[in-house]
Amino acid sequence: MMSKRCFCVPLIVCVLLSAGRICTAGEAETAALSMALKVESELTSVIARASNAFAFVGLGSGVVISPDGYILSNHHVAGERKQWTVRIYGTARFFVCDLVGTDPVGDLCLLKARNAENLPFVEAGDIFALKVGQQCLTIGDPFKLADPWDAPPSVSIGTISALHRFQQNYCDAIQTDAAINPGNSGGPLVTLDGKLIGITGQIMSRFLAKANTGIGYAIPIDQINRFIPLLKKAEGKFVYHGTIPDGVVFTQSSIDDVQAAVVESVEPGSEGELLDFQKGDKVLRVDDRPVLNYWRLRGIIQSYPEGTKVSLVVVRRGKEVPINFALPRMPLPPAPAYVEVLGIKVVPTAAGDGLLIKSLVIGGLADRSGLLKDDVILKIGGKQPVANWQEALQAKRPGDQISLDVRRRTATAYVVQTHTITIPAR
Amino acid sequence: MNWSLMRQSAAIILACGVFSLAGAEGGKLTLLNQMQIRHVAIHEQVTPAVVEVQSFGDKIRVDRPCYGTGVVISAEGLVLTSITAVPDVATTVKVTFPNGQIHNAEFVAYDPTTEVRLLRVLKLEGMSRKFDFVELADSTQTRVGELAYTAGNPFQTIGRDRQVAWSIGTVSGIYSIESADEWAKYKGLVFETDAAVNPGSDGGPLFDSNGRLLGILSLAYCESRWLGSAIPIHFVKKGLEKQLAAIPMIDPKVPFKGDSADGARAARDVMEGLSISSRTAQAAMVKLIVQRPVSSVPKTVRAPGDKRPLPNNNRPNTPVSGVLFDPAGYILTSAFNVENDDGDDSDEAKNLVKITVVLSNGMKLPAKQLGRHNGQDVAVLKIDVPPKTTLPFIPLARDPELVLGRYITVLGASEDGAVPTRTMGIVSAVDRLDGGVVQTDALINYGNAGGAVVDLRGRLVGIASQLKLNSDWSQPNSGVGFFAQSDKILAYMDDLKMALDIRKPLRDDRGTHVEANAYDLQGVKVDQRLTGSLAWEANLIDDDVIVAIDGMDTPNPLTLVQVLKAHAPGDSLDITFVRNGKTRYSQVKMPEKAKK
Numbered sequence: 001m002m003s004k005r006c007f008c009v010p011l012i013v014c015v016l017l018s019a020g021r022i023c024t025a026g027e028a029e030t031a032a033l034s035m036a037l038k039v040e041s042e043l044t045s046v047i048a049r050a051s052n053a054f055a056f057v058g059l060g061s062g063v064v065i066s067p068d069g070y071i072l073s074n075h076h077v078a079g080e081r082k083q084w085t086v087r088i089y090g091t092a093r094f095f096v097c098d099l100v101g102t103d104p105v106g107d108l109c110l111l112k113a114r115n116a117e118n119l120p121f122v123e124a125g126d127i128f129a130l131k132v133g134q135q136c137l138t139i140g141d142p143f144k145l146a147d148p149w150d151a152p153p154s155v156s157i158g159t160i161s162a163l164h165r166f167q168q169n170y171c172d173a174i175q176t177d178a179a180i181n182p183g184n185s186g187g188p189l190v191t192l193d194g195k196l197i198g199i200t201g202q203i204m205s206r207f208l209a210k211a212n213t214g215i216g217y218a219i220p221i222d223q224i225n226r227f228i229p230l231l232k233k234a235e236g237k238f239v240y241h242g243t244i245p246d247g248v249v250f251t252q253s254s255i256d257d258v259q260a261a262v263v264e265s266v267e268p269g270s271e272g273e274l275l276d277f278q279k280g281d282k283v284l285r286v287d288d289r290p291v292l293n294y295w296r297l298r299g300i301i302q303s304y305p306e307g308t309k310v311s312l313v314v315v316r317r318g319k320e321v322p323i324n325f326a327l328p329r330m331p332l333p334p335a336p337a338y339v340e341v342l343g344i345k346v347v348p349t350a351a352g353d354g355l356l357i358k359s360l361v362i363g364g365l366a367d368r369s370g371l372l373k374d375d376v377i378l379k380i381g382g383k384q385p386v387a388n389w390q391e392a393l394q395a396k397r398p399g400d401q402i403s404l405d406v407r408r409r410t411a412t413a414y415v416v417q418t419h420t421i422t423i424p425a426r
Numbered sequence: 001m002n003w004s005l006m007r008q009s010a011a012i013i014l015a016c017g018v019f020s021l022a023g024a025e026g027g028k029l030t031l032l033n034q035m036q037i038r039h040v041a042i043h044e045q046v047t048p049a050v051v052e053v054q055s056f057g058d059k060i061r062v063d064r065p066c067y068g069t070g071v072v073i074s075a076e077g078l079v080l081t082s083i084t085a086v087p088d089v090a091t092t093v094k095v096t097f098p099n100g101q102i103h104n105a106e107f108v109a110y111d112p113t114t115e116v117r118l119l120r121v122l123k124l125e126g127m128s129r130k131f132d133f134v135e136l137a138d139s140t141q142t143r144v145g146e147l148a149y150t151a152g153n154p155f156q157t158i159g160r161d162r163q164v165a166w167s168i169g170t171v172s173g174i175y176s177i178e179s180a181d182e183w184a185k186y187k188g189l190v191f192e193t194d195a196a197v198n199p200g201s202d203g204g205p206l207f208d209s210n211g212r213l214l215g216i217l218s219l220a221y222c223e224s225r226w227l228g229s230a231i232p233i234h235f236v237k238k239g240l241e242k243q244l245a246a247i248p249m250i251d252p253k254v255p256f257k258g259d260s261a262d263g264a265r266a267a268r269d270v271m272e273g274l275s276i277s278s279r280t281a282q283a284a285m286v287k288l289i290v291q292r293p294v295s296s297v298p299k300t301v302r303a304p305g306d307k308r309p310l311p312n313n314n315r316p317n318t319p320v321s322g323v324l325f326d327p328a329g330y331i332l333t334s335a336f337n338v339e340n341d342d343g344d345d346s347d348e349a350k351n352l353v354k355i356t357v358v359l360s361n362g363m364k365l366p367a368k369q370l371g372r373h374n375g376q377d378v379a380v381l382k383i384d385v386p387p388k389t390t391l392p393f394i395p396l397a398r399d400p401e402l403v404l405g406r407y408i409t410v411l412g413a414s415e416d417g418a419v420p421t422r423t424m425g426i427v428s429a430v431d432r433l434d435g436g437v438v439q440t441d442a443l444i445n446y447g448n449a450g451g452a453v454v455d456l457r458g459r460l461v462g463i464a465s466q467l468k469l470n471s472d473w474s475q476p477n478s479g480v481g482f483f484a485q486s487d488k489i490l491a492y493m494d495d496l497k498m499a500l501d502i503r504k505p506l507r508d509d510r511g512t513h514v515e516a517n518a519y520d521l522q523g524v525k526v527d528q529r530l531t532g533s534l535a536w537e538a539n540l541i542d543d544d545v546i547v548a549i550d551g552m553d554t555p556n557p558l559t560l561v562q563v564l565k566a567h568a569p570g571d572s573l574d575i576t577f578v579r580n581g582k583t584r585y586s587q588v589k590m591p592e593k594a595k596k
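Taken in sequence, the protein lines are chains A and B. Position 125 of the first sequence, counting from 1, maps to 125 under the working numbering, and the rest follow consecutively. Position 179 of the second sequence, counting from 1, maps to 179 under the working numbering, and the rest follow consecutively.
One chain only, chain B, in its complex shape:
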């Protein structure tokens, strides 16, 4: 093809050298090893063509480098990058290769429809060999859920450390975007990815499982998902038609030359397997358009002279996810998706929230809220099934078999796309948050909270949940995400269908990390006070030592928790603490509702 056979063989030989690293026991090559060999081979094949792009000009400050990533797409040195890496004010551009060579580059063209810049790297004096480059994929065939790699220069990985940063993920969504970022103004279809995209990655490549270019990474992101996105390469080719006419887009079915069949399959088939197993769930996904009364968003009032920034109480104004789990018209979502933001969960308040359900076939129906489990963050809605209609649904798994390390995929209602979004990961821990909640490293955000969690066996094993606004421990896409477990949901489903709410028990010590381990300390030291926690309310800061609480001297962490649990909402607690050698006093009121 376009790479010389020698180079491809070298890549495989190098990759096989990796044999020793992953401890191939007794010479037997496990599937995990083969998978890794494959990933390493793709990395070594394509990264010589991934570069740092750095811009200079009178209006660009020398002490604040303006950099991004670019990718070489032809032997003559054509480089694709983005306008955020090479802005309008740039007059000179330099390209740094991972081997350390720095070349000048000239401007060739700019396509405003994709915000993609085309450059040409100039050869160094006496350089005779051609540039390493990557092939373009036929991105019209790209599907949600397929394996994808990002490669590039976030935080100057290439420019400073001569390394191309490499991340493995998927094409987690295909939808139209109007970017929420003030730098990227792109409007159009993107490939979203859950692989790492960070400042400096922009302009760089999104590769498919064969190491071919699927798209150019941009800074565009959508308000509900906050994930990286790439401009599809078929748009780029169209926008730069004249200049890229001679460069073909390769069908994804054409394999990577020199492929080891098992390695390639092991690498791809987990993603492929999740795509296949989640088909039923995809049809059962619903989009929820939730309209809250304005009064339900709490207003924080500051005293005059208090210039603290106001907390962001605002949800993204976008549809959210739900799953039809019962053909009689019952839908599961997360309670967060449908609750009032002022915490009022009375029936009157619930009825003020208007919910419209959009089914996978496009039908729109109003929904009524039934019950909620506040601890598990799960809510049930009901739609009236139109006569003579069978709705696609997926039942909750009675035996989800959640074993540590099993693969799962989290589906999300795509705001403006034909197919639901899908992130994937493993089961990271079970029985979290007082039981029944499973932790995963699949990325969960405002777009897919409330969505279906599916395993390789095609079972609905949970509903993505526990996402909050303004919480330290439950942030979107942190890699620490949660889902309510299907068998536990089944246990209380009858109550929820009868519109009964289940409250969660108060756990007010959450959010204050106290040093559970200090032996020679008289009292309990606050090691990390999280926003919204009880310590925060009491105006304690890190390193304060609580020496008495509610009349009890020198508590230890266990007795401290016991005191907190013994008090009802509304009770006042006196706290004596020591800060920098001085004894001080504070009083805190136990919150009315469970704070997170």
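This is chain A alone, in the form it adopts within the complex:
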């Protein structure tokens, strides 16, 4: 009796468990393969159309955004020349393009192809419908692998990893794990239905790799849309971004659990004081965009052109107070300087604490002394570089010594070393 009952129970359990499975293992596999092939078929037809508006621009990429030939790219790709010869993939031709306007802070650049009509172009996507987890395509020319005369660009598929990222000078960036590498800069980030949602231009990597490790950044289409009208009118010159009014200092630490940007101090007599910012104010919103912390406030403001009228809402002594003003201009970053005696090109670091080496002459004095690209010179001769440090260096003679305190980023830490360089006899 006992054994019979025991026998029945497992059988019932087996039946119940298998009731949810309506196919055998072999059928399940066929179904999986069939589904995979269907997904693949949709993807290949999306990708076949995606590259027609792609433009090969200089050392990077670009994309055509209107049939009469406006082309977007990054400032660091195309912003420093007045004229470019651009191959637009879908036309199999080269076009001479003029620089219409450029944006060094936002890293955008607008070109216009001459004598262009009916060009293939991408439509702008809807940034507000974009969700993390969605997939996207990057189209570009990584490592300039495409033969310049007729080869296609490279396509990679990935995910929207995050939105509203503030990394270096990209203040409201879309983050993606689709492959972005040197050469992709200026190229389009598109949704799977082929709409433009960003221009790719930066990566941050693991192992100090100069290649992608899963994190790339794109300038979002809403920021781009705000600047296109200004770029069109710029007559080849710069456009400018908005910034936080002078004299207002915000708390940067994220230790305090306050979901707003907190005003730490307001300098008396400054523009910020005139606009009625007060110490202790908590900025909750800019227009209808929530401000969760200082970085988000800076990111939102920096994504607008100078002069844009914004409405901030701050909480002051429990009440919401509006502060409305036109955004002041953010100054441009400085251009690199060439230091002949050392054979290096430097630019002040973003943090203002030294000089970043952008490139070295191979075999030059700095190179032979062991300095590398991306090293930061913190001190020259024991002192921080002052206004005329270049002339002081140029005045050195053979036999003189230069002492440089140099900070280098290793895989895990920053290391500061002093290099003593002797100028050789000519």
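These aren't lab readings, by the way, just hints derived from the structure by calculation. The beta-carbon is built from N, C-alpha and C at its ideal position, and this holds for glycine as well. Treat the hints loosely; a few may be bogus.
Below, a sample of chain A positions facing chain B; criterion: calculated Cβ distance under 8 Å [as the list claims (entries may be wrong)]:
#  : residue
1  : A36
2  : L37
3  : L43
4  : Q134
5  : P142
6  : P152
7  : A162
8  : L163
9  : R165
10 : F166
11 : Q167
12 : L192
13 : M204
14 : R206
15 : T213
16 : S359
Chain A is already provided as a structure; the job is to place chain B on it using the hints.
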């Protein structure tokens, strides 16, 4: 289950709102849309439980934040993270949720076998509701090739920007590791992933396709693959047995509640399809143990006073991949895997390299090198098939049909694991590098170079190749990887089997990006000089303008390339260039062998 039905429904409704984004044409929901809706739904379900973990202490500098990722695994606030996110010197820990709330956390336990820390987040005053948390998966059932997500705080995505960084990939390998990273000391089995893992991701979650926790991401990586890895959750549960006893591991067959059948299948089945279609190739994969004579590694000598760092000429000292494509005992691999590093490819040099082949059944056999195609970076080896043995093999596809956007998977010989590693991606471009080489965004590294590339139809469509040491354009795992195409390999296979080598034509302009587009410039401007290129040899830097070369004034990019091509190895070329307004001269010798 453990989530309230309301929350799950909300997640699906939110996800369906995504309907409008991907342009559902005429209301028809394509498979791509359904797939994305599914990914978005999983993201929205689990990321409220993914947090930034930030450590403080006397020995931790305030200006250099010590942060990582953590994941909440119980309603009472238990959080898993790793020792690299919360080191021994930490005395205080704060946890930031993606909604911006910052909580204190207390130390509960530490498991040295997995380097995993268990914390408990403390509630804020007046907080009554429980914490969002994620379920644990039964990671003993995890297989190579299944869909996986990483989520976390790389470069402070959560701490600074209140966003949980989200990446989709696969469990690309399951093997034992002895970490090459100086911070992570983990020794044991890991789940490798080709989803993004970056500084700050450590301590965070690796999720399965249902959004359940497969493992905790660590900084451990192995020298041949350089990919992110996670400590399997079943080890974590064992190591923290007492504290995690009440938390179950859920069978992967239990679906995500509220699943839309098509969406879930579309999301998973591409990975599943590649797993099924690559089975034959898996059995045909071989591991190659390559021993080179010490003399074949070139030594760079620097003049006294020259303090430039020495280039890294060293390959990882690990086995590499090959594929048995012919049952008579012929194996394909990449030439890079078996070549001498000093560039000597004479027969004598080849014979000095000792190659042992390890078959998928464990058999070890010596192999002889036959021919190489240097341009395609392909080499053929031969083993003697033991009598009465049939070797598993996969033939090269005669018609690989490489269409842009098709899915492929790249197999790699696992150094210390039962199953080959597999990364996946799409065909990114065809006919690269002077023809016959296909570009893919599937990740290729020293572990899988030379491995089989397989499509959804189960065909061997190529051999992963073109990986180099010290090259700017061919770096491991960059998302720009290459494979030699199967039908092209078949075209020259007879030569390779007869031990004939095929040289690649010199293309010495590669590696110097010149501005092909400047109209108002007299000459050719160097825009980006890559290491090892001709411009590098000539001591040119970025922005130099070449105004004459080999007696020809004001070249343009096309004529410059023509001059380079017209010269033989060993020829000297005079270059006149302008730097910062001053005219200078340089001389460069055309290299003997093709430089990359």
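For a quick check of understanding: which of the numbered hints are violated here, in increasing order?
Per hint list: zero violations.
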